[in-house]
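Asker: With the hints as a guide, bring both chains together as one complex.
Residue numbers (our numbering), protein chains in the order written: chain A, 281 to 556; chain B, -4 to 290.
All the given hints hold, so there is nothing to weed out.
Example chain A residues on the side facing chain B (calculated, C-beta under 7 Å, incomplete): (1) Asn293; (2) Ile370; (3) Ile371; (4) Pro397; (5) Gly400; (6) Leu430; (7) Pro506; (8) Met527.
Think about it this way: if two alpha-carbon atoms lie no more than 27 Å apart in a straight line, the pair counts; the simulated DSSO-like pairs of lysine-lysine are: (9) Lys8(B) - Lys446(A); (10) Lys543(A) - Lys99(B); (11) Lys3(B) - Lys442(A); (12) Lys3(B) - Lys384(A); (13) Lys8(B) - Lys442(A); (14) Lys446(A) - Lys384(A); (15) Lys3(B) - Lys465(A); (16) Lys191(B) - Lys210(B); (17) Lys465(A) - Lys8(B); (18) Lys544(A) - Lys97(B); (19) Lys97(B) - Lys543(A); (20) Lys289(A) - Lys99(B); (21) Lys384(A) - Lys8(B); (22) Lys191(B) - Lys289(A).
A few chain A residues that don't get close to chain B, going by computed Cβ distances all over 10 Å: (23) Gln333; (24) Phe362; (25) Pro445; (26) Ser472.
Calculated directly from the structure, the hints in this document are not laboratory data.
In this text, all values refer to a predicted model and were calculated from it rather than measured experimentally.
Cβ coordinates follow ideal geometry from the N, Cα and C atoms, glycine included.
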Amino acid sequence: MKWLTPLGKTIVNILLLMFSLSAVFPIIWMLYSSFKTQKEFTLNTISLPETWQFSNYIEAIQVGKLHEYFFNSVYISLSSVFLIILLGFIIAYMIARFSFPGRKVIYILFMFGMLIPIHGLLVPIFIEFKNVGLLNKPYTLILPYVAFGLPIVIFLFESFIKQIPKEIDEAAIMDGCTTFQVIFKIIFPIASPVIATAVILSFLTAWNEFPFALVLIQDEALRTLPVGLTNFNGQYTVNYPQMMAAMSITVLPVLLIYLAFYKKIIQGMTAGSVKG
Amino acid sequence: MKTKSAIKPRNSKIYLYLLPGLAIYAFVVLVPLVMALRYSFFDWSGGPNMDFIGLDNFVALIQDDVFWQSFRNNLFIIIMSIIGQVGIAFLIAVLLTRSWVKWKQFHRTVIFIPNVLAAVIIGFLWSMIYNHDYGLLNYSLNAAGLESWISPWLDDPSIVMASVTIPIVWQFIGFYLIIFMSAMQNIPDELYEAAKIDGATSWKQTWHITMPMLKSTFRVAIMLCIAGNMKVFDHIFVMTGGGPGSSSTVMAQYAYDVSFNRFELGYGSAVSIGMLALSLGLILISQIIGRGEKE
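With the rest of the complex left out, here is chain B (with noise of 0.2 Å):
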């Protein structure tokens, strides 16, 4: 569609009205990205020698335990926050809906706090909170009479995953709670009202109105946790570095550690490279899903 107005300036002005704001992000960005994939294919450690390697990084990366281990973590992660985050998410959202339940308000405002702070701020209160002599967690199961629950919830290669996991789920619920509730408003209200007259209960309507109603808004919290979660980072730094060992690391964590501990930043940029594509692969497989149960 061509619109000839009388306000339109020639097209050279619009370009360079729109020069800043593209040179920063095509510059931090899109340049990047690019120069990641050729750096993918050196030996380099950041000095002036740079050799071709061709794909050996790549060659290494596919045969790299501790890649497909912080991915695997990454999945985990992935998992759990769509069962935490969307479930109880939803759960509490419906909950919110009937009139019995008290202090809506309260909950909505309350809930959606951690939301806002500091993933680092998040990750150093939960270490405190696992920590072994003072933290909250031991006192509470020591005053509940649960000593024998009391374990190195940070130091256990076991445990860990789960330790560092329940922060990032209890940090994003209230997110996933306020997609549901602006989404159930959008419901109208006579298709409840016809169900009531049929007799069905509220839990009924809800399985039956309110979830296949929210079906879209499901995908679309399934792909947030999906993309919000390849790129967890903050937490882990700050809760265990990746640690015990490399039991915790997580992609993102991993890519650090290569390009800034080991200084193989040529590595560094093919570990990025493979973050970016499982990521994205990840989040078309889940959107292809998505539409073809839609139809």
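Chain A on its own, in the form it takes in the complex (with noise of 0.2 Å):
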């Protein structure tokens, strides 16, 4: 017995295929009108562009600012995701090879992290920022987003550490190894697909950051992207045109990241959840 006719089929799999067409089509309709002028938009909004002109990222660029802000994103997101896994890896294996007093309070600790909404401590990391004078530093937002990188790939390290064979530790030991290169020359390398996926999501978290960045930065000079954008919007609030080529350009690195590594993204992202 057929619960569906093969017309009711044809429905689902269109109205399927119009929900998924709805996730991308804002973001595609975003891409392609940061190509129009203003006139071409307000004209009609959903149109192609006419003639596909560069002016507005040319403006954002010279007017907004957008590439220090840029380079600020670049700057914070990297030095943030090389310290989350160099500092996230040691701990990891630490936890994940040796009992120590205290190991069990760490890793509770850690974990504990990925529960509490941060948001939450917006207002008392500012005050703590101010008093000990870490505002507006070029490294001021590395620190806490290594915070809260830390949590998820200390989970994912650990758990992937416990899998490899103790007897390679011990191995490398004999040979004369010491403790440092036993975690960075033997188990380090091993570990890379899961440092992989790793280094895509804590990128991505960085890149995208918003309040903390908001909060904790007022100095014109070292705001990141997404904080930038909202700068821009106040100051070019009608010119949709001009304010969708700098979210474009934003948007741009994350949706490249993405498409050349959406296995590991989508791994990763849900790898937390579902063991959890």
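Answerer: This is the structure in structure tokens:
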């Protein structure tokens, strides 16, 4: 007995296709509209640009200084990722391999970090950073990004390292490796698949982060892209195509990374939740 | 369990290795958490004058209508997300197991895309979609001959919560879709084969096999909905800033307004503590209810 007629199946297929397209169409609309003039856009919201012109991008950079925000975002994100992976891997290794007093507590403390809504810490962290003079420094944002990035990465690394046989470490020690060498010369390369996932995930999180970048940085020259966009929006509220050009600059690196690594991203983003 | 092994370094050495990461984590997460508790007992606008006022901030918080309104708005978003994200994602995940559904890989890849974009981008994008003169939404309504449906989507207090919730739900459906899809792969095929032999239709199999087998996945998904939407901020900050009035304020937005627009850092800390307590409370309750169902 068939529940759906062939016609019904076709309709469901079409509905599903429409749903999928609705997930990307706004993004595609943003990308092509960024090549339209303001006038073209107001005349017809949805049409393709008559001539594909780059003036919105040029102005976003010349007037909106988007390249400065872009550089800041790249620098902050990459530094954070480097530290998250380095520190996270060491911690995960120690927790996975050895028993020592406080091991459980440390692990639980980090896992607690995945649970609490970090936005509740926005105000207290601002006060703390203000008190110790850490606001508006080139490295200000790296601290919270590393702290918020560590829990998920430690979780991913720890469960991976546990599955690597201990004999490998022992053999390396016998051959005269130090602990540091065992971690980074022997285990790190073996863990490269999960490290790749962790790198991409931490990068995306840092690149997209908004509230802490908004609150901890007031200096124009240190702003990252998401906050830069809100400035940009304040100055050019009416000029949608130009705003869309600025948004496209922010989105393009993410889209390219997604298209290149979507399997790893999907795996990594859901790994924590499925196992948990 | 004590494992004596040749490779284990001295404990002091282990702590030395752990120190840098732990120090940053403690400085950013643990210390502020404790300090927030302290500040919440003071009347303080960030200057040198800090007046200890005991529990006054919390008494004010309990009587603060805007705070509870923002909490209700968070709850609204959570409920809509559980219905919208978990519901739609599960439906699509089930459809994607059917042999007659086409372009499976395409659907999976495409529906996940909004998930990787910055919430700020989603917020701006949907402000544009909702724009009165040039927005996609009103354009489509016009084209469909539904001019009478056109509304000030983000400026009408009675519909603004629905308007800001849709993009939030929309952005994360892909995430839950993937969770359900990978959980479904872990259901043994034998169960379905046995059901097929017994003559169960595919929808009966979904109801009697897939749904019960995914109970723990549903529980995790609902918990993630709660945890994720208690901290929602970026979308709303960009789309409405909590307005008009305070009609679309959420707790994180309210803590931000109190602290950085009104400069009441003491009260802002109390709002933050309230937000943390309510979030952890809700997560705990959902876990307990989930556990109870299991047994």
